[in-house]
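This is what each chain is made of:
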Amino acid sequence: MTPAIQLDNVTKIYRRSHLGRVKESVGVSDLTLEIRAGEVFGLLGLNGSGKTTTLKMLLGLLRPTQGTATLFGRVMPDPEVLRKIGYLPDAAYLPKYLTGEEAVWFYATLSQIPKQKRRAAVEAILEKVGMTAAAKKKIGDYSKGMFQRISMAQALVHDPELLIMDEPITGLDPLAVREVRQLVAWLKQQGRTVFFSSHDISEVEKVCDRIAILANGKLVALMEQKEWAGQEGKLESVFTATVKRSEGIGALKFS
Amino acid sequence: MDHFLLLVQDTWREHIRHRIYLSLFLFGFALLGGGLIISALAIEERARLMMDFGLAAIEFLGLITIVFVSVNLVLTEMENRTLYLILSRPLPRGLYIAGRFAGTLLSITVAMAAMAVLHGLLLWPLPHTISLSHYLMAWACAVGKIAVVGSLALALSLFSTSAPTAMTFTLFLWAIGHFSEELKFLGQKSANALVKTLVWFFYHVAPNFSYFNYRDFLYSPHPPSGAWFFYLACYTVGYTGICLWVATFLFSRKEF
Amino acid sequence: MSLRASAGLVSLFLLTSIGFSGLHNTFVWPYPPFNQLITQRHGMQDVTIVTAGFRSLAADLGWIQLLQYVGGGFLPGEDTKRGYAELKPMALRVTRLDPYFTHAYLYSASMLAFFRNISRPQEALDVLVEGMHYNPMFWPLRATAAAIGFSQQAQFDRMARALEDAIQYPECPALVKSILANGYKAQGRKADELRIWKLILSNPHDEQYHDKARREIRTLENGDTHP
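Each protein sequence line maps, in turn, to chains A, B and C. Using this note's numbering, read the first sequence as starting at 2 and increasing by one per residue. Using this note's numbering, read the second sequence as starting at 65 and increasing by one per residue. Using this note's numbering, read the third sequence as starting at 712 and increasing by one per residue.
Simulated from the structure, these hints should not be mistaken for laboratory data. Note that the Cβ used here is the ideal one computed from N, Cα and C, for glycine as well. Keep in mind that a hint or two might mislead.
[Unchecked claim] Computed far set for chain C versus chain B, every beta-carbon distance over 12 Å:
1) 831
2) 861
3) 869
4) 917
5) 929
6) 930
[To be verified] Per the computed footprint, the stretches of chain C lying under chain B, defined by three or more beta-carbons under 8 Å from a beta-carbon of chain B, are:
7) 714-725
8) 736-742
I would like the entire structure built from these sequences, with the hints used as guidance.
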């Protein structure tokens with residue numbers, strides 16, 4: 002069976018030139034990973050470990066310096082395969098001049114939902130995310146929670162086979178976190194693949210079938226659920242043992 | 065086609081709902097009203113001044129708006145990252161550029177048309193000798209000029225990634241484009257090979273906007289022929305297309 | 712670069728080239744070279760507006776400044792002993808910006824030739840000759856030049872016939888009609904004078920002279936002596 006996501010020796014080097022000098026930094030180094038169709042996969046790591054870089058290479062927003070990123074057998078960037086992908090970014094990057102309904106309609110059309118099915122799909126997803134009543138208001142007038150709901154709606158309106166989420170629970174209240182967890186469980190039940198990045202270990206261990214840990218752009222651990230299920234704190238101890246801060250700051254010394 | 069029309073519609077909505085856009089065109093209407101006052105100073109040539117001032121105001125407002133809007137068209141979406149949700153869709157980047165540009169041009173053309181209607185209403189009671197068809201051709205040539213400038217501004221914004229730089233270069237090319245015939249004259253008079261080469265380069269590569277000033281030829285005894293309009297249309301579509309092609313090329317290579 | 716993209720670019724270049732060469736071959740640049748512009752103290756204004764692509768408007772603004780000069784008096788530093796010394800350069804400034812501004816030629820030439828405290832017919836003819844070069848089919852220019860010539864030879868009848876030709880055109884300034892009416896007045900030809908004032912009054916273009924026309928008509932019809 003074709004894997005949903007295949008990363009083969011993927012490296013991403015950022016080059017920034019300033020006053021004639023070129024500065025290089027490694028985003029991701031020699032990453033090889035395979036995510037099976039239908040599984041829930043979590044990508045763990047500290048800030049700057051390469052999680053978002055990996056996600057962006059899958060979406061075609063970045064191009065690997067070396068190696069290939071493949072979605073459903075198609076090497077990225079490939080616009081055609083993106084109709085099977087839903088993307089939920091870390092913040093709601095939505096156009097403020099549109100109403101919620103107009104925005105979802107806009108993304109539904111871009112995702113190539115057939116015209117005759119579009120109205121029903123938009124109404125259904127707005128109902129599912131609980132935004133039917135607020136759909137006619139401008140996004141600029143929305144609260145943070147409403148932003149998140151519409152962001153979810155645009156990611157799911159076209160019933161994607163793969164949902165890619167970038168730190169979906171960062172900054173959310175406990176109620177919202179539970180709703181995201183329910184969403185992931187529902188998607189898994191539907192046979193969809195979910196690939197998301199996070200640094201919230203407690204949530205990751207609740208929902209994921211497998212996880213990978215990135216540190217300084219490298220894959221340092223790959224674990225299956227059976228390796229941490231029923232062992233409280235196991236995932237956290239593996240995480241803290243394998244990652245080191247790369248920000249140039251030392252550990253807190255309050256113990 | 066669905067995607068293209070969607071982008072045109074979305075861009076139209078964005079501009080119509082933007083306060084700055086509406087303020088600029090309210091300012092344009094005020095300028096037209098100001099023309100009514102200034103033209104009184106021209107005594108017997110009041111209609112001529114109203115005509116020239118009005119057409120100039122329509123074109124000038126179109127210019128400021130399209131330069132400002134085109135330069136920020138993609139840069140703003142890159143900055144606030146709304147582009148992520150668009151590019152993570154099955155949408156070719158060239159179609160995105162074409163759709164956004166067409167939507168921008170449509171919204172500015174509609175505003176220029178509204179100004180032309182008001183201008184016509186102000187001109188109507190004054191005795192004048194310019195026919196409606198000539199007026200419409202002058203207006204259409206202004207729209208053609210705006211299209212070329214807008215596509216140039218868009219390409220420059222993606223090349224430089226700095227809005228002020230792109231605006232400066234666009235306005236520089238606007239000025240050079242109106243100076244083309246004079247540059248050619250200077251090149252012919254000069255004995256310096258470097259000057260001749262530079263002049264040749266700018267004359268052929270920079271857009272020649274003097275061709276679009278049909279409103280200035282309205283009074284000449286030899287106004288342009290029908291064939292001239294055909295060639296102007298070819299030039300407009302070709303030049304705009306090249307700029308959009310360059311913009312697409314630059315945009316396709318961008319990473320976010 | 713894909714084949715389709717390359718083909719697209721080549722097609723666009725071809726289209727642009729067809730347009731550019733077609734315009735180049737069918738378009739005759741209708742203006743005098745830049746070095747012939749007479750800008751004097753208005754250099755920045757004229758160059759800025761022309762460079763922005765609004766040549767006709769630059770001529771119009773120059774025209775307003777000429778009217779203000781004619782109506783208001785002298786420019787700073789002007790030789791006031793020689794009435795309206797800057798009139799010819801100001802007129803040529805307007806017409807070099809827009810050589811097809813026929814009204815400007817007629818108005819300025821008429822002022823230069825026929826106004827008592829100016830009376831510089833050679834300067835008037837210089838302006839008209841330039842006008843005829845750019846507007847060879849615009850007969851009022853030739854008629855006005857003829858009138859100036861006859862006026863110099865004290866041949867009023869021939870001068871009047873030449874000006875009668877000129878004033879038939881709707882673009883002819885009211886100033887020229889007024890000059891002719893005053894000419895008839897000086898010759899004692901009241902019927903002709905009355906006809907010209909009525910012509911001025913009936914023309915909405917000549918609004919500026921309507922009050923004067925009404926007064927003159929009233930005077931002539933009541934048989935009053937002229938003030």
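Now the hints, each set against the structure:
no., hint, in the structure
1, 831, "22 Å, holds"
2, 861, "25 Å, holds"
3, 869, "27 Å, holds"
4, 917, "7 Å, violated"
5, 929, "23 Å, holds"
6, 930, "24 Å, holds"
7, 714-725, "holds (count 6)"
8, 736-742, "holds (count 6)"
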